[in-house]
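Based on the sequences and whatever the hints tell you, model everything.
Reminder that position 114 of the sequence shown reads as 114 in the numbering used here, one-by-one numbering, no gaps.
Hints should not be assumed to be uniformly reliable.
Stated by the list, open to error - Below 27 Å or equal to it, Euclidean Cα-Cα: the simulated DSS-like pairs (lysine-lysine) are:
#, residue 1, residue 2
1, K108, K93
2, K106, K67
3, K93, K41
4, K53, K108
5, K93, K106
6, K41, K67
7, K53, K93
8, K81, K93
9, K53, K106
10, K81, K106
11, K41, K108
12, K109, K53
13, K67, K109
14, K108, K67
15, K67, K93
Said to hold, decoys possible - Here are the in silico distance ranges between beta carbons for each label pair:
#, residue 1, residue 2, range
16, W4, K53, 42 to 52 Å
17, Y12, K53, 37 to 47 Å
18, R39, L8, 12 to 22 Å
19, L68, E92, 16 to 26 Å
20, Q66, A19, 21 to 31 Å
21, T114, K93, 19 to 29 Å
22, E138, P25, 25 to 35 Å
23, M1, D52, 38 to 48 Å
24, P25, E135, 19 to 29 Å
25, P3, R107, 42 to 52 Å
26, C9, D52, 36 to 46 Å
27, G112, A47, 36 to 46 Å
Keep in mind the hints are simulated off the structure, nothing from the lab.
Quick reminder that beta carbons are idealized off the backbone N, C-alpha and C, glycines included.
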Amino acid sequence: MHPWVRILCQRYIDLRYGAIDLAAPVGRRGEQAAARLLRQKGLVVVAESESDKGGEIDLIAIDQRQKLIVFVEVKTHSTRKPGHPAQRVDAEKQGRVSRAALRYLKRKKLLGVTARFDVVAVWWHGDGPTPDRIEHYESAFEASGDYQMF
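Okay, structure coming up:
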C-alpha cells in the first residue's frame, strides 16, 4: 500500500472512531484504544474516566442492540513481563467498579437499566501508534459487594 493511502486510511479511522494521543501516558493511550475498539463494535461511548469521590470507571458505553449500559475497566500492560492485564481486575477492583457504577446509575436516574461489566486488556510495548494487542471481554464479572445491582 502506498504511504499516502495508509495515512488517509489512518486519518479516516481517527475521525470515525477517535484518535489516540501518542503523547499521553501509556494507560491513557490504552483507554483511548479501548474506546476506539468499542466504537468499532457499534457501542456508543458516553463517558471516559468517569469519577466521583468514591472511585473511577474507565469507560461507560451504551450497547443499543442489547439495550444496556456497559461499564468497562481497561488494563494496559506496558512491559514484556509475563501475565495477562485482565488478571489485575481482582475481587477488590471489581467491588470498587461495582460501587462506582451503582453511584453513576443513581446520579443519572438509571437504576432500572440493565448493566454489564466488561474488561479490555491492552498490550502496548514501546511508543508505536497502536497497541500490540487488544482483547475485549464482555460480561467479564458480575457486580460485587454489599450493594450488588439487580
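So, going through the hints one by one against the coordinates:
1. K108 <-> K93: This hinted pair holds, its Cα atoms lying about 22 Å apart.
2. K106 <-> K67: With Cα atoms ~18 Å apart, K106 and K67 stay inside 27 Å; holds.
3. K93 <-> K41: The given pair, whose Cα atoms are some 25 Å apart, holds under the 27 Å limit.
4. K53 <-> K108: Status holds; Cα separation ~16 Å.
5. K93 <-> K106: Since the Cα atoms of K93 and K106 sit roughly 20 Å apart, the hinted pair holds (cutoff 27 Å).
6. K41 <-> K67: holds, 15 Å
7. K53 <-> K93: holds, 16 Å
8. K81 <-> K93: holds, 21 Å
9. K53 <-> K106: holds, 14 Å
10. K81 <-> K106: Given pair K81, K106 is violated - Cα atoms ~39 Å apart, limit 27 Å.
11. K41 <-> K108: holds, 25 Å
12. K109 <-> K53: holds, 18 Å
13. K67 <-> K109: holds, 16 Å
14. K108 <-> K67: Given pair K108, K67 holds - Cα atoms ~16 Å apart, limit 27 Å.
15. K67 <-> K93: holds, 25 Å
16. W4 <-> K53: 42 to 52 Å: Distance hint for W4, K53 holds at roughly 49 Å.
17. Y12 <-> K53: 37 to 47 Å: Taking Cβ atoms as reference, Y12 and K53 lie about 40 Å apart, which means the hint holds.
18. R39 <-> L8: 12 to 22 Å: holds, 19 Å
19. L68 <-> E92: 16 to 26 Å: This hint holds: roughly 25 Å between Cβ atoms.
20. Q66 <-> A19: 21 to 31 Å: holds, 27 Å
21. T114 <-> K93: 19 to 29 Å: holds, 22 Å
22. E138 <-> P25: 25 to 35 Å: holds, 26 Å
23. M1 <-> D52: 38 to 48 Å: holds, 45 Å
24. P25 <-> E135: 19 to 29 Å: For P25 and E135 the Cβ distance comes to about 21 Å; the hint holds.
25. P3 <-> R107: 42 to 52 Å: holds, 47 Å
26. C9 <-> D52: 36 to 46 Å: With Cβ atoms ~39 Å apart, the hint holds.
27. G112 <-> A47: 36 to 46 Å: violated, 19 Å
In summary, the numbered hints that this structure violates are 10 and 27.
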